[in-house]
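Novice: Single-letter residue listing:
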Amino acid sequence: MEKLKREGAVIFSPYTKGDAIKKAVSIKREDILFELRESKLKGRGGAGFPTATKWTLVAAAAADEKYVVCNADEGEPGTFKDRVLMLEYPELVFDGMVIAGYVIGAKLGIVYLRGEYEYMLKSLEDYLEMMRKENLLGKNIAGKEGFDFDIAIRLGSGAYVCGEETALIESLEGNRGEARNRPPYPVNTGFMGKPTTVNNVETFAAVSHIVLKGGVWYCKHGTDKSTGSKLFSVSGDCEKPGVYELPWGTKISELLELVGAKNTKAVQVGGASGFCIPKTQFDRALGYEDAATGGSIMIFNESRNMLHVLKNFMEFFVEESCGQCTPCRIGNVKLLEGVEMIEKNEYTFGYMTKLKELGKTMQVASKCGLGQSSPNSFLSILENFKEEIFNNGGNHGK
Amino acid sequence: MLVLEKNAMTEEIELLVKKHGNSRSALLPILQDIQRKHKHIPDFAQQEVARLLDIHPVEVFSVISFYAFLNTNPKGRNIVRLCQTITCDLAGKANVAKAIERELGIKFGETTKDNRITLEYVNCLGMCDQGPALLVNERVHPKVSPEKAIQILNEIK
Chain D
1 MEKLKREGAV IFSPYTKGDA IKKAVSIKRE DILFELRESK LKGRGGAGFP TATKWTLVAA
61 AAADEKYVVC NADEGEPGTF KDRVLMLEYP ELVFDGMVIA GYVIGAKLGI VYLRGEYEYM
121 LKSLEDYLEM MRKENLLGKN IAGKEGFDFD IAIRLGSGAY VCGEETALIE SLEGNRGEAR
181 NRPPYPVNTG FMGKPTTVNN VETFAAVSHI VLKGGVWYCK HGTDKSTGSK LFSVSGDCEK
241 PGVYELPWGT KISELLELVG AKNTKAVQVG GASGFCIPKT QFDRALGYED AATGGSIMIF
301 NESRNMLHVL KNFMEFFVEE SCGQCTPCRI GNVKLLEGVE MIEKNEYTFG YMTKLKELGK
361 TMQVASKCGL GQSSPNSFLS ILENFKEEIF NNGGNHGK
Chain E
1 MLVLEKNAMT EEIELLVKKH GNSRSALLPI LQDIQRKHKH IPDFAQQEVA RLLDIHPVEV
61 FSVISFYAFL NTNPKGRNIV RLCQTITCDL AGKANVAKAI ERELGIKFGE TTKDNRITLE
121 YVNCLGMCDQ GPALLVNERV HPKVSPEKAI QILNEIK
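Protein chains in written order, with our numbering: chain D, 1 to 398; chain E, 1 to 157.
Quick caveat, the hints were computed from the structure, so don't treat them as lab data.
Note that the coordinates shown come from a computational prediction; the quantities given were computed from them, not determined experimentally.
Backbone N, C-alpha and C fix where the C-beta goes; we use that ideal spot for every residue, glycine too.
One or more of the hints may lead you astray.
[Claimed, not checked] Far from chain E, by Cβ distances over 10 Å, these chain D residues were calculated:
#  : residue
1  : I27
2  : G78
3  : E134
4  : G138
5  : R176
6  : E178
7  : M192
8  : K225
9  : K262
10 : N312
11 : E337
12 : G350
13 : Q363
14 : K386
[Said to hold, decoys possible] Within a straight-line C-alpha distance of at most 27 Å, the following computed DSSO-like cross-link-like pairs (lysine-lysine) qualify:
#  : chain 1 : residue 1 : chain 2 : residue 2
15 : D       : K40       : D       : K251
16 : D       : K107      : E       : K18
17 : E       : K6        : D       : K139
18 : D       : K5        : E       : K143
19 : D       : K344      : E       : K18
20 : D       : K311      : E       : K39
21 : D       : K311      : E       : K98
22 : D       : K311      : E       : K143
23 : D       : K139      : E       : K18
24 : D       : K122      : E       : K39
25 : E       : K98       : D       : K122
26 : D       : K225      : D       : K311
27 : D       : K144      : D       : K22
28 : E       : K39       : D       : K107
29 : E       : K113      : D       : K240
30 : D       : K194      : E       : K98
31 : D       : K240      : E       : K18
32 : D       : K354      : D       : K334
With these hints in hand, go ahead and build the complete structure from the sequences.
Specialist: And the structure:
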């Protein structure tokens, strides 16, 4: 695997393992929550729920047992930042989990690692063993009387939908990974019906730095509403694909220049469930207030056929829909059929209008994030690239 | 299944239950261990897991059928999965796929006659910056060209 020297303002800034834990156990839980609130850190999986609010809710819930869950089921096409974090920066992720355990009062943390990443399991288990030896896990962690916490790793088995937090919990409990109705939210009724905080790998990594350096320091990076930095997984047509740490608010055009992308036609922001942004909108800024993303940036140059890209996305969703709710199960199949009709020049504009309405229905009627976001690429590609798709004489070539 | 094989399987599952516990949440780790060793989860194993966890066998089957990496039908000794998602696709997945199919004389979804390799497509492996990616059992190979893919396959026992 690649071992690059990475540089960045927050996540990739220097960090010594265990430092954040040692500082955390020396201060009060409320003070850690205060710093997190100051930092305005939002969930890095993509949904952007404020981390301080989530942890405060779990900390306040009355229960004999609570759980910390690390969502390492990184399945979104075009996302691989968690792979880099788990392989190269496990100290940030695990320290963040221990701090979460301290703040909410949990005894057990569970990493839900996607089945495709099984090759990491050995090195992660070894790392946890080392933490136990150094008293960063186990009983009376870092000398703090009465603070016991341990971390277990559980593997997924190849289901994209398990990245949705309630589906992930179902999977941990030994069930089919089908999303639950919300509310009740996992902060009250999570793993085994106990209060549970489910956070993204990158969120835990950010927490370790915030605890050490403070919320005010974190706010210096990024914009007002999107504080801090973000890891972007950049792939597709560019010279230097890879993981980049950039402050929120970076313009798409700036990012394209940084990674050496030329003749770019479109950028898919947020993976298959995100939006496709055409050349005319490359001055948009990455952030929760404009182009929100869990970190996936896929670049397509002028030679790419956007209908082919869209078909690939829709095939993905047809396969990965769990099938429990109708809008998502049937809707994605219908949208894929629509794409195939265009491909064969057997479409009518009337039917395409109907399909767009169907897409909008799926966005509101689907049970979980998968079905709610799967029509995004269909709607945005057909809207932003209608010239190419409908008006080029049916030439859908390469 | 022969009685001897059944007894061996029961013994194996009892050990797994001892290792992972007999709660419902232990179901997935137990099934994953069986899958890793036998490359599928036979009917008899499903019944035994159900008996030892005190759940209905159909629950076990329902869980297996949900996950892409668990299966009830026998597969080859090695499972080779090629990423079919967009960036690997743009990086030349189709050529790699064709080369592999030609070389092994089977299509994706099939198993070689000598039971050595099962070919499958898989969705995003998280190697989008280094596509096309090939997953051989649990090991991932980045940037595979048609030639490199065949080399990798030839090394599989």
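Novice: Taking the numbered hints from earlier one at a time, note which ones the structure violates and give those numbers from smallest to largest.
Specialist: Per hint list: 2, 5, 6, 7, 10, 17, 19, 20, 25, 26, 28, 29, 30, 31 violated.
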